[in-house]
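Undergrad: Protein chains in written order, with my numbering: chain S, 1 to 278; chain Z, 279 to 560; chain D, 561 to 836; chain C, 837 to 1112; chain G, 1113 to 1557.
Bear in mind the hints are in silico, worked out from the structure with no lab data behind them.
One or more hints might be untrue.
Subject to a maximum C-alpha distance of 27 Å in a straight line, what follows is the list of computed DSSO-like cross-link-like pairs (lysine-lysine) [to be verified]:
hint, chain 1, residue 1, chain 2, residue 2
1, C, K905, G, K1457
2, S, K32, Z, K552
3, C, K855, C, K842
4, C, K955, C, K1017
5, Z, K293, G, K1552
6, C, K909, G, K1389
7, Z, K456, D, K700
8, Z, K293, C, K1017
9, C, K976, C, K947
10, S, K29, Z, K293
11, G, K1457, C, K1017
12, C, K947, G, K1457
13, D, K700, D, K741
14, Z, K456, D, K671
15, G, K1457, C, K976
16, D, K629, Z, K456
17, Z, K456, D, K633
18, S, K210, S, K113
19, C, K905, Z, K293
20, S, K29, S, K210
21, G, K1389, Z, K552
22, G, K1182, G, K1294
23, G, K1457, C, K909
24, S, K230, S, K29
25, D, K621, D, K579
26, G, K1552, C, K976
27, Z, K552, D, K700
28, Z, K293, D, K633
29, C, K905, G, K1294
30, C, K842, Z, K293
31, C, K909, C, K855
32, S, K210, G, K1294
33, Z, K293, S, K39
34, S, K39, S, K230
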Amino acid sequence: QDITEFRIGILGGENASDRLRSNECLREKTEKLLGVPTKLFAPADYNGVIEGLLGGNLDMAWLGASAYAKVYMTNPDAVEPVLVKINVDGSYGYHSIGFARVDREINSLEDMKGKVFGFGDPNSTSGYLIPSIEIPKLGYSMTPGEYFGDVVFTGGHEQTIIAVANGDIDAGVTWADGLGAWEDGYNSGALRKASDAGLVDMTELVEIWKSPVIPEGPIVLSKTLPERVKLDMTAMLASLGFMDKECAYSFMAGEVLGLAPINHSEYESIIAARKAKN
Amino acid sequence: MAVAALEQEIMSLRKRRQLYSLIGVLLVIGVVVSGYSKSNSMNSGGFFQGLSQFFDYPSEIVVEAWQSGPAFFGIMAGFLPAMLETLNIAAVATLIGGALAVVLAMASSRNVDSWGPLIPVTRRLMDITRAFPELIIALFLIFILGSSPVPAMIAVALHTAGALGKLFSEVNENIDRKPIEGLSACGANWLQRIRYGVMPQVAPNYLSYFLLRLEINVRASAILGFVGAGGIGQELRRTIGWGQGAGDETAAIFVLLFITIMIIDQVSSYLRGKLVGSDRAH
Amino acid sequence: MIQFDKVTKTFGARTAVNKVSFTVEQPQMVGVIGRSGAGKSTLLRMINRLTPATSGRIIFKGEDILALKGATKRRWQRDCAMVFQQFNLVPRLDVVTNVMLGRLNGHGTLKSLFNIFSKDDVAAALSALDRLGIAQEATKRAEELSGGQQQRVAIARALMQDPHMILADEPIASLDPMNAKIVMDSLREIHERDNKIVLCNLHTLDTARTYCDRVIGMRDGLIVFDGPPSELSTDVAREIYGADESFNEAATSTSIEGNGQTNPAGVMAPAAAVSG
Amino acid sequence: MIQFDKVTKTFGARTAVNKVSFTVEQPQMVGVIGRSGAGKSTLLRMINRLTPATSGRIIFKGEDILALKGATKRRWQRDCAMVFQQFNLVPRLDVVTNVMLGRLNGHGTLKSLFNIFSKDDVAAALSALDRLGIAQEATKRAEELSGGQQQRVAIARALMQDPHMILADEPIASLDPMNAKIVMDSLREIHERDNKIVLCNLHTLDTARTYCDRVIGMRDGLIVFDGPPSELSTDVAREIYGADESFNEAATSTSIEGNGQTNPAGVMAPAAAVSG
Amino acid sequence: MAIDTLDAPVIDHERVFERVQRRAWITIAAPLAVIAYLTYTWFAFGVPELLERAQPDRAVILATDSVAYKVHVVKDFRRDEVDVAIEGERTATYAPDDYPDWVVVDGERIEVDLGQGYLVEIAGQTARFTVPGYGTIVSTAVADGVETQLPPGPVPEWLRDDPRKLDARPSLDRRVQVTRTKIEVHNYFGGWENFWFPFNSQLHGMSIGQLYALALSGDRLDPQTSNLWFIVNEFLENPDWQHGHVFVALFETIMMAVLGTITAAAFGLPLAFLAAKNFTPSLILRFTTRRLFDFLRGIDMLIWSLIFIRAFGLGPLTGALAIAFTDTGSLGKLFSEALENIDNKQVEGVRATGASQLQRYRFGVIPQILPVFVSQVLYFLESNTRSATVIGALGAGGIGLVLVETMKTSRDWENTTYIIIMTIVVVIAMDQLSSWLRRKLIEGK
Ligand SMILES: Nc1ncnc2c1ncn2[C@@H]1O[C@H](COP(=O)(O)OP(=O)(O)OP(=O)(O)O)[C@@H](O)[C@H]1O
Ligand SMILES: Nc1ncnc2c1ncn2[C@@H]1O[C@H](COP(=O)(O)OP(=O)(O)OP(=O)(O)O)[C@@H](O)[C@H]1O
Ligand SMILES: [Mg+2]
Ligand SMILES: [Mg+2]
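In isolation and in its complexed conformation, chain S is listed as follows:
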């Protein structure tokens, strides 16, 4: 069977129009490759992409690990992971970073007793899943009112950063690669973006917690796609770094080494973690 169009979902985090813009080159390439009209969709949150994949309304997306786990758990036959991003230094993951405002006199989770802690999007790996598992392991319960005064969802990485900077919440979690300087917001990640955008001043923030390495989320393709399309797309993406550096940079939001094949088994641990949350 043949496809009549190809639909790519882009995860939130940036301004939708920016997202569409940075992925425009990918759209053109895909259109040329597959010979069908290709469209980009930029939903409001993680769930928008997840729903799109589950409903069969999207053919491809780059998911976070936890978001992938959700898709898999809801319908194991919806998508298959094909590729994962490899960082410049050969590392393959990132960290969840807990942070607070300097002037709140909070320097570690120790000081957070009775304070308000903020997660981002419930489908975010670094913004919810990992910290919600790892932090209790350190002895700080995540049940609202037990250790923290309250635990809230801000809706996304940007919102968490703004909420902390604003003082709406005392501390929150977001993602970063953990390389480079804190004052810059590390080399890449949500903090870097916010700092670059002038949204926050990193000197006003302080890191209070850092998770173990989290596996990078996969690029997934809908399982219902014809085998030929899957292969073509995978090959095209895998070679993107050599064929068109500029496009690879904007698609993968920064300098990367490339994309490597990956399969479902790499995410079993995340799925298990997510299952445990239910």
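Based on the hints, put chains Z, D, C and G with the ligands in the right spot on chain S.
TA: Quick look at chains Z, D, C and G with the ligands alone, frame taken from chain S:
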């Protein structure tokens, strides 16, 4: 009597009118057909493909809710405080917005001896506050004030002031001026004339619109929770976002929202029926 | 007591009241007659300052009341109580409150906004109502009363203002003959007992003849007659009403008793029947 | 021509029309009188099949019209045009369309749904309107006309149906005397010129006397009088209306001319003046 | 006198006074109750803390930002590069040979003239900021922070001196920041930069007259297309403002509202007949239809749109269907009430002419409910335009989503302002259109 000439005129009049109706109907049909095909192509999913999945999501939720058994009611009760917060947002916003609307309405109708130059100013003001979707104001205020019910409350109140203000001033336009004149002749000042000459006349209609607005504002407050204004909307966003595993919670919120809206709807239309005999939406 | 000096009112090109001058020296009951559009209402409304005058002066106790502003103007409005053809009560308020509204001018705004009236006010209102014979309706809503009763409430409100004069703009035009008599009797009684000026627009000659000490006839904004009712012959009436020979006073009579010569008994019966 | 055979209508326990039998042999103008609730409207509505009869038969040209169904029933409805007290026009449609609605029955449903009428229809409607003297109002909306004009539109609609008979249910009850006369004159003219049966409910005796060839008096659903108007004495009227000695016909008269004996000239004049 | 009082009970002053007083109490108690409730919510919503935390300066920044733009001059030590860019955007970076005239680069030395005597000199890792009336701030980036020397005297309020960072903003439109990795100078200008044409476009900075002449001239700038089309295209494709994107989103939103409302009306009307007592004798049918209306309305647009996103994906179709579902309920209910209130006389008049059932509806019923129908549909159209922006923001798409995304990343407030203005304009336009149509169609004016 030039009946023949009249006949000509009528025939052409009718022809023209038929033509206009035909054009109008074709226009609407054209808009609908082309609009749907256009939006169908703009949507990520297609209409016919989607139809088969129509019940996917509801059934997912219902199944989870069913599996949770009697605990479902416990979950529902657990969301009561959040629902109450949403109700509070709506109630405060309607009260404050309603009070502003009364002031605006009194300042914007000639019929109640408002100060002339003020009238166009307040009218434009109402047009503008009415045009602002609550969402925009709420997002702005959340940026300045941080996430809390207050931005939502202010946003809904502002919109309410504009929307109700317009309806109220329409009510004012239709009042009987005789009592006002009677009070003027007693030497009553403007406030006293408003209080005794205008308020008794307009109060039932004001109240009726107020109740209708309360109902609308409960929905609006729930939606604003979705962008971080607290209340039931925020909870809903979380459970929906989490998806599988929180389906029972989602269902509980849906049911709670449905019941609350139904109750408010019924009570308000009953009260409105009592107040003015008939009701009109908007 | 009150002196009109070339009082004029124009509405656009139309002159509703044209350089009207006259003086009321002592407390009199003055009837103003004239056909529709003659300017009667406009004249009264100018006195109470409901309609601004175009030019001229109205002197009361040495002061030009047309020049009053703000609180003193409202004070004056209180001093010349107005009774309207359509009663102009607040229909949804109860009778006693309606009457007490006559005292609004003496009260603090804030206090009056919260519906606070003193025991004195209530007592005064009730005695005014009692004087007009409707004290027992005090707790009903104004809109529940008949027209005649409403007009009596309006007069009670006027009494409550404790005014120097009472202006009545066709107070009986909307009433049936029975109620018309009661209302006119009340006005007359107030004039006699309290010794107040009563200025009353009327559209029927016989009422003016029966109740007034002095009649002013207006036509097209001008005063065309001013004198005691006894001088009001049919010829004068024809001049006031601008009517021709076929003018028949009976056509406008509202009396129920029939004042002898002008209003043959029996004419009213079928008329009433038709309208009933 | 039309024969009523024990026609009965009961509403629950109440018998509105009780075994009424009578025959109209030739085109006559028949007036049906009786006080409110006597069953006049019900009788007429049964003929037009707006109200289903409980029992009995109405025979027209050998057919029991009470037994008609579907299209033949609608065909019959077209043949006996009905004129209502409240005109029952469609106020938001223009006059000419309202008149053309009289032809709906002859037209294809689909065509009429799209408001398509032929040139013929327009011409016929205009001539009907012209006959009633209101052709110049043809393009106005029905709601913009006065009551008398609306009733004439309704009669024009009836004419448009080209009926065998016209049923008129108190056609002048909502009209003033002047318009009442015009409407009754029109009905009479139609009866005379087109030679049609006109069955007309009336609530005033003098109208029945002036216009009808035959008067049927109803009381409590029964026919209590059937004869020429000349036989309609005051005693008979009292019986029909169930009134006592004080019954005075003048009280219900709507004539503007005054029919001699019962309606003394001159009474109306002041009444009209008062209401004017 | 006192004719009426002859047999009537004597009125009791005390009782009347009590009544009057009771009403006075009610008049006072009602506002007091409201005030008490508002006081309760004041604390329940935590307004005092909120006010404490509120950042009015954000509002100022926001206001400035929405009417002004800034140009960043950044000296990055790690990359050892100088960037001059509007809003610091990569797409709006000045070429090194084309810096604005207030930036002078002379080898290692950079001089930034901020006007009115404000001057920043950057040499190596040191910034010298001269502030008229205060003095010169000298700040150097070192290995673990910044070292700053201030003029003598008290530290002014606009200056934040931290060992890790220097932040000086002597006026709203000038700012200098120094950290150990970079020196950043912001210079503010009024207006919306690059609004018409992108930074690097040939059309940038052209006046309307020039553009007009260009559009008419035959020399094609781009051999592929006509000049007019080229101009339009450059405008729509403007990467900073993305007019094309915004217009499409607005169009999507209007489409949602129009389609949703018309669909709701088209389904609501026939269903309303089923719910009206005088048209549907069957109680079961009537009851079912009414409950259907309640269900559609009660579920709420929000929830419908969530269900539809799953089924139909993202886009205007989803929004249109969510509106259509909710409003079928609302309009259906309204229409059925209108149908129950129709004047039966007209129907009877038509019926008496021998008209069939359909003809009766057409001429007896439709003319009566058409005005209600049209005016309600237009009312809904207007309010649905607003609703469409809201459900769009929840995921259905359109201008609402664009707006929320722009706001969430709260970067370019002028962009947000632009989108808001466009949204408001559209809503007001729909409002005017609907009341114009209402006047036209119903009052025939
Ligand atoms: N507000 C107004 N604007 C314009 N013209 C007015 C206004 N009020 C009154 N007039 C005109 O002034 C003239 C006098 O009116 P006025 O009401 O004083 O007459 P009147 O003697 O009281 O008549 P009526 O018996 O009908 O009450 C009339 O010609 C009227 O049309
Ligand atoms: N639809 C109905 N349901 C129940 N009773 C009815 C109905 N229509 C008429 N009636 C009763 O039938 C009786 C005859 O009514 P009908 O309307 O025929 O009288 P009428 O002579 O036309 O009176 P009117 O002069 O008031 O029109 C009355 O008692 C009335 O109450
Ligand atoms: Mg007057
Ligand atoms: Mg009848």
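Undergrad: Compare the structure with each hint and give your call.
TA: Do the hints match the structure? See the list:
1. C/K905 / G/K1457: Holds, at roughly 22 Å.
2. S/K32 / Z/K552: Distance ~67 Å between S/K32 and Z/K552 Cα, so the pair is violated.
3. C/K855 / C/K842: 4 Å, holds
4. C/K955 / C/K1017: 32 Å, violated
5. Z/K293 / G/K1552: Satisfied, since the Cα-Cα distance of roughly 19 Å is no more than 27 Å.
6. C/K909 / G/K1389: 25 Å, holds
7. Z/K456 / D/K700: Holds, at about 20 Å.
8. Z/K293 / C/K1017: Violated - the C-alpha atoms of C/K1017 and Z/K293 are around 37 Å apart, more than 27 Å.
9. C/K976 / C/K947: 23 Å, holds
10. S/K29 / Z/K293: Not OK: S/K29 and Z/K293 at ~56 Å, beyond 27 Å, violated.
11. G/K1457 / C/K1017: Holds, because 24 Å separates the two Cα atoms, which is no more than 27 Å.
12. C/K947 / G/K1457: Holds, at roughly 24 Å.
13. D/K700 / D/K741: At roughly 23 Å apart (the allowed maximum being 27 Å), D/K741 and D/K700 satisfy the hint.
14. Z/K456 / D/K671: The hint holds at about 24 Å.
15. G/K1457 / C/K976: Roughly 20 Å between the alpha carbons, so the hint for G/K1457 and C/K976 holds.
16. D/K629 / Z/K456: 22 Å, holds
17. Z/K456 / D/K633: Roughly 20 Å between the alpha carbons, so the hint for Z/K456 and D/K633 holds.
18. S/K210 / S/K113: 18 Å, holds
19. C/K905 / Z/K293: Measuring from Cα to Cα gives roughly 35 Å; hence the hint is violated.
20. S/K29 / S/K210: Outside the cut-off at roughly 38 Å; violated.
21. G/K1389 / Z/K552: With Cα atoms ~21 Å apart, G/K1389 and Z/K552 stay inside 27 Å; holds.
22. G/K1182 / G/K1294: Holds, at about 18 Å.
23. G/K1457 / C/K909: 20 Å, holds
24. S/K230 / S/K29: Holds, at roughly 15 Å.
25. D/K621 / D/K579: Roughly 21 Å separates the two Cα atoms, so the pair holds.
26. G/K1552 / C/K976: 17 Å, holds
27. Z/K552 / D/K700: Judged against 27 Å, a Cα distance of about 20 Å means the pair holds.
28. Z/K293 / D/K633: Distance ~62 Å between Z/K293 and D/K633 Cα, so the pair is violated.
29. C/K905 / G/K1294: 96 Å, violated
30. C/K842 / Z/K293: 50 Å, violated
31. C/K909 / C/K855: Holds, because 22 Å separates the two Cα atoms, which is no more than 27 Å.
32. S/K210 / G/K1294: Distance ~26 Å between S/K210 and G/K1294 Cα, so the pair holds.
33. Z/K293 / S/K39: With a Cα-Cα distance of about 47 Å, the restraint between Z/K293 and S/K39 is violated, given a limit of 27 Å.
34. S/K39 / S/K230: OK: S/K39 and S/K230 at ~17 Å, within 27 Å.
Hints 2, 4, 8, 10, 19, 20, 28, 29, 30 and 33 from the earlier list are contradicted by this structure; the remaining hints agree with it.
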